[in-house]
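Trainee: Quick note: the sequence shown uses this note's numbering, first residue 1, plus one each step.
Just so you know, the hints here were simulated from the structure itself, not pulled from any lab data.
Derived DEER-like restraints, expressed as beta-carbon distance ranges:
| # | residue 1 | residue 2 | range |
| --- | --- | --- | --- |
| 1 | V42 | S2 | 17 to 25 Å |
| 2 | A50 | C18 | 16 to 24 Å |
| 3 | S8 | G58 | 18 to 26 Å |
| 4 | F44 | L19 | 18 to 26 Å |
| 5 | G38 | L5 | 17 to 25 Å |
| 6 | A56 | G34 | 27 to 35 Å |
Owing to the predicted nature of the structure, the values given are computational and were not obtained by experimental measurement.
Yeah, the Cβ is synthetic: ideal placement off N, Cα and C, and Gly gets one too.
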Amino acid sequence: MSDDLLLSLLWFVPLAGCLIVLLFPKRAELAIKGFSLGVTLVTFALTLVALRAYIAPGSAAATPLAQR
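Make a model of the complete structure from these sequences and hints.
Mentor: This is the structure we're talking about:
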């Protein structure tokens, strides 16, 4: 996954999720909570992918500051 796509998804997924929640009826509290949890878990998974890409061997973050 490219860095640009990953970073774009990290802000687009929560934004799309909040806009979709606005379409739910007020009385559907359980559905809103479930959908929000799902969007949050997807966003968290994307952040873990970003973290793994950031600290991957050979990346600038993997080398200590003293060795740069």
